[in-house]
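Asks: As a plain string of letters, each chain reads:
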Amino acid sequence: MAQRIDLPRLDELLRAGAQLVEVLPPEEYEEQHLPGALSIPLKEFRREAVSVLEATRPVVVYCWGSL
Amino acid sequence: MSPRAALWLETFGFQEVYDYVAGKADWLAHNRPAEGTRATSNTIGSLARQDVATCRLGESTAEVGQRVETSPYGFGLVLDDAQVVLGRVRKSALHGLAGSIDEVLEPGPSTVRPDLSIETAADRMREHNLTALIVSDPEGRLLGMVRRKDVEDALR
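So the sequences go chain by chain: C and L.
The first sequence begins at 1 in my numbering and counts up by one.
The second sequence begins at 1001 in my numbering and counts up by one.
Don't take each hint at face value.
Here chain L is said to cover these stretches of chain C; the calculated rule only asks that three of the stretch's residues, wherever they fall, bring their Cβ under 8 Å from a Cβ of chain L [claimed, not checked]: (1) 2-8; (2) 13-24; (3) 38-50; (4) 56-65.
Worth flagging that the hints you see were computed from the coordinates, not collected in a lab.
Don't be surprised by glycine CBs; every beta carbon is placed ideally from N, CA and C.
Chain C with its partners taken away, still in its complex shape (with noise of 0.2 Å):
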């Protein structure tokens, strides 16, 4: 099961050179996403869609989250 992580943690993984993923519809992450993170939107979720991501290296995903 994926580990649920927090700011800090995902400091040392971008700075780690892990992948980085929004899952939100498309519209959200052209107004607004975290630098240099990818477009895959779950509804479009597929093999093929997530092929651009390197299976061997760590992937960080995130939507919008809560406060």
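Following the hints, put chain L in place on chain C, whose structure we already have.
Replies: Only chain L this time, still in chain C's reference frame:
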């Protein structure tokens, strides 16, 4: 939404998958930069100044009073070692008082997040007749101060 995406990635054979559960809202609330058509230019984080006087618990009123005197605000902020805003000391409360600032500290001043829109901030400042807002991240760490004049100028 992100837990399901993470599950799918694992199903597809990805070996190291993480879920940043607090997501974009948390990132923006820490005043981190964003990319995209809206980015962060319409939020108060872009107006935050680093010019408020700060101090630690236990400091003397004389020392802090000098710092607050030269600050553009009528108060100083009391921070802990992690920069969390513990309280506020007003300039007027420091005058002629010998001792520790702990005696005049007002705990828990209101703070706002940097991803608050400039329009909303302007409304709030007018409504409550505020000249400045304290900006902090979700953990309460000080990010800066936003002045009403800067907010109004940004809306022109």
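Asks: Decide, hint by hint, whether the structure agrees.
Replies: Here's how the hints hold up against the structure:
{"no.": "1", "hint": "2-8", "result": "holds (count 6)"}
{"no.": "2", "hint": "13-24", "result": "holds (count 6)"}
{"no.": "3", "hint": "38-50", "result": "holds (count 5)"}
{"no.": "4", "hint": "56-65", "result": "holds (count 10)"}
This entry satisfies every hint, going by the numbered hints stated previously.
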